[in-house]
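S.K.: This is what each chain is made of:
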Amino acid sequence: MSDGAKGLTRQQMCDRLAMEFQDGWIVNLGIGIPTLCSNFDFGDKGIIFHAENGVIGYGPLTGPGREDLHLVNAGGQHVTLNPGAAIVHHADSFGIIRSGRIDVTVLGAYEVAENGDFANWKMAGQKGGGIGGAMDLAACAKHVFVAMEQVTRNGHPRLVERCAIPATARGVVDLVITNYGLFAITPEGMALREIAPGVTVDEIKATTGCNLSIPREVPPVRLRG
Amino acid sequence: MPKNKVYPSFADAVRDVPDGSVVGFGGFAVVGMPINLYKALAEQGAKGLTCVSNGTRGGATLPADGPDMGWLIQNGQVKKVICAFTAPTRASQKLVFSEYYEKGLIDAELVPQGTLAERMRAAGAGIPAFYTPAAIGTELAEGRETRIFNGREYLLEEALPLDYALIRAYQADAFGNLRFRRSQRNFNPLMAMAARVTIVEVEEDILPVGAIDPDDVHLSGIFVHRLVKIPPPPEGWWPQRPGAVAKLETAGNVR
Chain P
1 MSDGAKGLTR
11 QQMCDRLAME
21 FQDGWIVNLG
31 IGIPTLCSNF
41 DFGDKGIIFH
51 AENGVIGYGP
61 LTGPGREDLH
71 LVNAGGQHVT
81 LNPGAAIVHH
91 ADSFGIIRSG
101 RIDVTVLGAY
111 EVAENGDFAN
121 WKMAGQKGGG
131 IGGAMDLAAC
141 AKHVFVAMEQ
151 VTRNGHPRLV
161 ERCAIPATAR
171 GVVDLVITNY
181 GLFAITPEGM
191 ALREIAPGVT
201 VDEIKATTGC
211 NLSIPREVPP
221 VRLRG
Chain B
226 MPKNKVYPSF
236 ADAVRDVPDG
246 SVVGFGGFAV
256 VGMPINLYKA
266 LAEQGAKGLT
276 CVSNGTRGGA
286 TLPADGPDMG
296 WLIQNGQVKK
306 VICAFTAPTR
316 ASQKLVFSEY
326 YEKGLIDAEL
336 VPQGTLAERM
346 RAAGAGIPAF
356 YTPAAIGTEL
366 AEGRETRIFN
376 GREYLLEEAL
386 PLDYALIRAY
396 QADAFGNLRF
406 RRSQRNFNPL
416 MAMAARVTIV
426 EVEEDILPVG
436 AIDPDDVHLS
446 GIFVHRLVKI
456 PPPPEGWWPQ
466 RPGAVAKLET
476 AGNVR
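These protein sequences, in sequence, are chains P and B. Just so you know, the first sequence maps onto residues 1 to 225 in my numbering. Just so you know, the second sequence maps onto residues 226 to 480 in my numbering.
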């Protein structure tokens, strides 16, 4: 867990990805770490959050005691609606996804490979799994960003040559944030873009399980707009 | 107007569900989930059921042992589940389902959520099958029919017809025209479209025919067959604020 450990906090990780969202983007956030992207201050940018359960244009979480029991996001969190929000059923919600109208989905993952494959629905040796909307989103969103820890609980790299566990989708990930830094998937493979404060390039190399293109000067992770 | 669709009790509404039925349960994270109909079907006892739902349990607004698919599973009523989640979304969660699945007592078909929704929409729309890009390149697509359209590979998915759909709605008129509130809509209209018989638990008093403006109907009563008004608690089950559920569970007096 990065909070209290090395590098970026989970909120800083999500803030960094949220900086990439463009004005007017339709954004879908996966369960877990990615939901923190909605806490980012987007300023003048108009960002529309889409949830798999058909809520389009949801806003901040409600406080305890103020929940609308009819209104949750895809993570089951009680949310509010922003002006201009709309509700559709599940088939229309996934119609929005499959027809390519989601600009970016931010998902958690167990592994991301250097060719853009990623795995997030089933752990090694597990019977069953939790796909939810991840396969539809990953196959169809214009951009797929991943937010995850640099290493597993046992210290193994999550950035790998090839996914060892069952993939969610192939060749779709653009950008990965970990507590150690920001990584881009390019036609040439994985590239380190920015490095977290307090983390060294050697530490990144030692915890990355694939070839990594590293610029001579690695800029620090941008932490504010 | 056709025969009366308003049933006096949940027990009456599910009485004829036979063994071996394919039953869809609507709802997403408890919102729109047919909590009372889960309970009624558990009490009715039909066996060998194939249960279709987003997942196998409720969520934070329902006590951990409140009525959900877990009740049917513990009763030995479930042969198979068709779901988008067959594992908990958090490592700390325990599913009744997992225990039975790991022992091989229940079959499961894991389906991407959008595919699950569209398979039921297709069943309700008279479409036998369709192609989707979801799950291409994954183990779910292994050995299955795919086809290239405009240079992209798609997976063939078949419609998923239901014998019964059990759903929850906000308002209904006596013909079964339904309105849902906020994220309550989710899978519910699609399951109703896919089903031979749709049974609805309704939150507000059932309205006279014509009381809902035609422009405001979310699901036509054509897709709806039985309606039951949910009684106030404790007789009827209603979601509660997460804080209230936690308090109830700490006190150890759930149910």
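Be careful, since some hints might not be right.
[As the list claims (entries may be wrong)] Straight-line alpha carbon distances no greater than 20 Å define the calculated PhoX-like cross-link-like pairs of lysine-lysine that follow:
| hint | chain 1 | residue 1 | chain 2 | residue 2 |
| --- | --- | --- | --- | --- |
| 1 | B | K305 | P | K127 |
| 2 | B | K305 | B | K272 |
| 3 | B | K304 | P | K127 |
| 4 | B | K328 | P | K127 |
Since the hints were made in silico from the structure, they are not lab data.
S.K.: Indicate, hint by hint, whether the structure satisfies it.
M.R.: Do the hints match the structure? See the list:
1. Of the supplied pair hints, the one linking K305 of chain B and K127 of chain P holds, its CA atoms being roughly 15 Å apart against a limit of 20 Å.
2. This hinted pair checks out: K305 of chain B and K272 of chain B have alpha carbons roughly 11 Å apart, not beyond 20 Å.
3. At roughly 17 Å between alpha-carbon atoms, K304 of chain B and K127 of chain P fall within 20 Å of each other, so this suggested pair holds.
4. A hinted pair counts as satisfied when its Cα atoms are at most 20 Å apart, and K328 of chain B with K127 of chain P qualifies at roughly 10 Å.
No hint from the list above goes unmet by this structure.
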